[in-house]
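K.L.:
We have chain U already, so just place chain V on it with the hints.
Chains U and V, in that order, are what the protein sequence lines are.
Numbering of the first sequence is given in the working numbering, commencing with residue 1033 and proceeding in unit increments.
Numbering of the second sequence is given in the working numbering, commencing with residue 1033 and proceeding in unit increments.
Quick caveat, the hints were computed from the structure, so don't treat them as lab data.
Just so you know, not all the hints are guaranteed correct.
Since the list gives no way to pick out one identical chain from another, each pair is judged satisfied if it fits inside one copy or across any two copies.
[As the list claims (entries may be wrong)] With a cut-off of at most 27 Å between alpha-carbon atoms, the simulated BS3-like pairs for lysine-lysine come out as follows:
1. 1356 to 1095
2. 1060 to 1169
3. 1095 to 1060
4. 1060 to 1356
5. 1240 to 1471
6. 1088 to 1346
7. 1341 to 1095
8. 1088 to 1169
9. 1115 to 1507
10. 1115 to 1402
11. 1169 to 1351
12. 1258 to 1389
13. 1115 to 1070
14. 1088 to 1351
15. 1088 to 1356
16. 1115 to 1341
17. 1169 to 1346
18. 1088 to 1224
19. 1346 to 1095
Number of protein chains: 2
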Amino acid sequence: MTGNQNKVEAITSMEQDFTKWYTDICLKAELVDYTAVKGCVVLRPYGYAIWENITKILDGMFKATGHENVAMPLLIPESLLQKEKDHVKGFAPEVAWVTRGGLEPLEEPMCIRPTSETLFCEHFAHVLQSWRDLPMKYNQWCSVVRWEKTTRPFLRSREFWWQEGHTIHETPAEAVAETEQMLGIYADFAEKSLMIPVTKGKKTESEKFAGAEATYAVEAMMHDGKALQAGTSHYFGDGFSRAFGVTFTGRDNTLQYPCQTSWGVSTRLVGAIIMTHGDNNGLVLPPAVAPIQVVIVPIAQHKEGVLEKAAELKARIAKFARVKLDDSDNSAGWKFAQYEMKGVPLRLEIGPKDIEKDQCVLVRRDNGEKTFVALSELETVIPKMLEELANGLYEKAKVNLERRTLRCATMEEIMAHGDENLFVHASWCGDEACEDAMKEKAGLSSRCIPFEQNMPSDKCIVCGKPAKCEVIWGKAY
Amino acid sequence: MTGNQNKVEAITSMEQDFTKWYTDICLKAELVDYTAVKGCVVLRPYGYAIWENITKILDGMFKATGHENVAMPLLIPESLLQKEKDHVKGFAPEVAWVTRGGLEPLEEPMCIRPTSETLFCEHFAHVLQSWRDLPMKYNQWCSVVRWEKTTRPFLRSREFWWQEGHTIHETPAEAVAETEQMLGIYADFAEKSLMIPVTKGKKTESEKFAGAEATYAVEAMMHDGKALQAGTSHYFGDGFSRAFGVTFTGRDNTLQYPCQTSWGVSTRLVGAIIMTHGDNNGLVLPPAVAPIQVVIVPIAQHKEGVLEKAAELKARIAKFARVKLDDSDNSAGWKFAQYEMKGVPLRLEIGPKDIEKDQCVLVRRDNGEKTFVALSELETVIPKMLEELANGLYEKAKVNLERRTLRCATMEEIMAHGDENLFVHASWCGDEACEDAMKEKAGLSSRCIPFEQNMPSDKCIVCGKPAKCEVIWGKAY
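Chain U on its own, in the form it takes in the complex:
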């Protein structure tokens, strides 16, 4: 793949320019390539492999909770998009329109799906008959298109890859339970596989999904203190069902509307990994989704027996971890830098002296710690070290989150922190005008109303009226 000694250049430091640092990693760790279409990137093999590992774990969690995969069409006729009025209002300004098919103009324009609620509703209306058919719990893996003005790889792009779950249920309670279950799966996945601490909460009215009764989200803090929404789960009530005529014969033989949910995570998660765990040497990957968990770098590989021993270790490690042996003719130093850039969790060095002593060196990507390990112990040490590294990533992210979190009762306390990016926990009266004022005065938007409530004050931090709930405020990606 490489063979070019110039490729591992230093990247911009995150302290100097976080945005540039981020883009440098996307390109130099070979995650993406730009294309002629603004906001549409190529996911290169290494970037795609991270996403593929994410999809495999999540797909297993979805199936284990009774969801089935389907594939919906890419195109939505204009009249179908328009059936639910809040939904079309939210999405129409940002979709791409197909107006010609082959050499002829289309009778009706069609948009490329920005999300597929309308398509699922059309299908549910065809196939749903009786309460016995419920619940229907579907998911699809696909890409969607939203015609964004400002774009950045993984974070905001005109095309992105995601999964969208769409379910219908007999009762509101079952649909709400589904929404919560999926949010829980997202939180578990973020914390246990991506090692990113998240907060579960509900979005305010102004931040919820176009057409939803309620939107729930898991919010994560990036290294620079900004918030990234790592997954959302929507409860629709029967709004879409009514708009699309989705009905079923209930247990009492009357015609009823099912209650609906949708939920999704996207390639944004790759952006979250970069900005949570990355450092000035490049990407740092949580082992669960790392395409390569252990890279073997032979030292003095031209010396007799080194490559043979390296290959032998590779075969052993391949039985329990994703391992790569780099026996290319690049220098060891180049290889060190290359796999640090790519965020490979563990590097295994093996040279003539190590072989003599029946040992090797294991180097952790997150903290650079070197450990001499007896070759006979690799089967126990490597999995243990990968787990410790994963936990270390989580702890480090947690420390960052806590360091940049404030509980405030007055606007003055917030303003005292100037431009610093923070998660501010503050009480809110529930009025949208106060959300607007917070944005204007402090540059902060409501991230979520956390499930675990603990109001810092009984008064709204903005207007002083009685508070209804605690809100986490922040700057968002």
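P.N.:
Leaving out everything else, chain V in the frame of chain U:
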């Protein structure tokens, strides 16, 4: 999912109306649903699960031969599509054009990819530098759009799901070897997983892919004697490389153009499965891709101990096969018909009398054969029976292929068979005019020039001039 006793209706018999029979299976086996957009279908859970099993097996074969997955954008700017003249000529008349993004007209129209050669070339031009970077062997799983006029589920649709492999190589020989390797993988997969006999061959000039130097294909015969192209593999030489400026520094330090290939299979394979193995009771699935390999139908399930025993067997079988227990309150007869329609390879019946005798009944979907099996032997009998069934499907398809294959030296021999759909092996001079004449006179097009050549005559069957090769002629889907 079901619960509706009316769903298992008889389907049109294939002898009466093969086309209607096919569509009946697509709908009644719950593989697809139609949508408001002509030619764009929903892959329902059962249909998608078959495709998902196909993708898993093939993806493993691709990775084992050193291919890496990537994701390319959905949109191709008009100017990019136009860079290779044969390619644009072939595809421009059948693509869907995006002309508006959000509320504004686009500066340049973009088409939804009908295939992604142009996008891969743009990317290769960015990342390829030296001969050390070669080969690059990429694949992507996605959907593509071609604005077809006549459409049928799986066989010809405006959107379809597929994989497209794209590779670049240092030398023509390596690229040709890649093309052949992938054709071999397709043939193996068709014969060993889908149990469909195929012929490997080369397409004539008039049938090759727009922009290719050579197109290779695996051709299968459907139950009605028509041909279905089950996979293609293209050799491009350096035509695309030159058109897109893809270059590398060679071993001799000169700038060179890599040689390129692409290859793909699509959801057409599901159509091939239906039309090769299906019968008048519905779908018949080869075990390797069947979402359910064994369905357990409890008999007299209200009687004590029946459901418990059925659940116990399910747990045992789940260890080595994909198994479903249908304990719904539908009648056993309804269940029999339902899972026959869905093509589940084996049905296991278990009732009070069986339990007394420590046995169950296994029924093969392909031939209806019933076997009493001691419960202690399920672990050995079921895998064996699945394998026998798979081989049986292959043999049956092979018999159909042989029965409908002719070797002819004269047009009269062909014409004597009237409207019957056949694979006709006949010699050809290599002249396109004779291909046209064959289509006009006998309604047959050239399917391929088989790799294993055995000319029925040394003269062209159409014009009588010296023949260059044996061609398989047929009517194609």
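K.L.:
Are the hints correct? Go through all of them and say.
P.N.:
So, going through the hints one by one against the coordinates:
For a Cα distance limit of 27 Å, the shortest separation of residue 1356 from residue 1095 across copies, 14 Å, qualifies, whereas the shortest one inside one copy, 30 Å, does not. Proximity of residue 1060 to residue 1169 under the C-alpha cut-off of 27 Å is restricted to the inter-copy arrangement: shortest distance 20 Å between copies versus 40 Å within a copy. Taking the shortest alpha-carbon separations for residue 1095 and residue 1060, only the inter-copy value of 24 Å comes in at or below 27 Å, while the best intra-copy value is 35 Å. For the identical chains of this complex, residue 1060 and residue 1356 are intra-copy neighbours only, at 19 Å inside a copy versus 47 Å across copies, given an alpha-carbon limit of 27 Å.
For the homomeric pair residue 1240 and residue 1471, the shortest alpha-carbon distance inside one copy (17 Å) is at most 27 Å, but the shortest distance between copies (60 Å) is not. Taking identical chains as interchangeable, the C-alpha atoms of residue 1088 and residue 1346 lie at most 27 Å apart whether they share a chain (24 Å) or sit on different chains (25 Å). Proximity of residue 1341 and residue 1095 under a CA criterion of 27 Å is satisfied inter-copy only: 25 Å between copies versus 41 Å inside one chain copy. When the C-alpha separation of residue 1088 and residue 1169 is checked against a cutoff of 27 Å, the pair qualifies both within a copy, at 18 Å, and between copies, at 22 Å.
Proximity of residue 1115 to residue 1507 under the C-alpha cut-off of 27 Å is found in neither arrangement, the shortest distances being 33 Å within a copy and 44 Å between copies. With identical chains, the CA atoms of residue 1115 and residue 1402 are never at most 27 Å apart, being 61 Å at best within one copy and 52 Å at best between copies. Taking the closest pair of Cα atoms, residue 1169 and residue 1351 come within 27 Å of each other only across two copies (25 Å); inside a single copy the shortest separation is 35 Å, beyond that limit. In this assembly of identical chains, the alpha carbons of residue 1258 and residue 1389 never lie at most 27 Å apart, being 48 Å within a copy and 68 Å across copies at closest.
In this homomeric assembly, residue 1115 and residue 1070 come within 27 Å of each other (Cα to Cα) only across copies, at 19 Å, whereas the closest approach inside a single copy is 30 Å. In this assembly of identical chains, the alpha carbons of residue 1088 and residue 1351 lie at most 27 Å apart whether taken from the same copy (19 Å) or from different copies (20 Å). Within a single copy, residue 1088 and residue 1356 get their C-alpha atoms as close as 20 Å, and across copies as close as 23 Å, so both meet the 27 Å cut-off. Taking the shortest alpha-carbon separations for residue 1115 and residue 1341, neither the intra-copy value of 65 Å nor the inter-copy value of 49 Å comes in at or below 27 Å.
In this assembly of identical chains, the alpha carbons of residue 1169 and residue 1346 lie at most 27 Å apart only when taken from different copies (23 Å versus 42 Å within one copy). Taking identical chains as interchangeable, the C-alpha atoms of residue 1088 and residue 1224 lie at most 27 Å apart whether they share a chain (15 Å) or sit on different chains (26 Å). Only between protomers do residue 1346 and residue 1095 lie at most 27 Å apart by alpha-carbon distance; the minimum there is 18 Å, versus 33 Å within a single protomer.
Violated hints, listed in ascending order, are 9, 10, 12, 16; each of the other numbered hints is respected by the structure.
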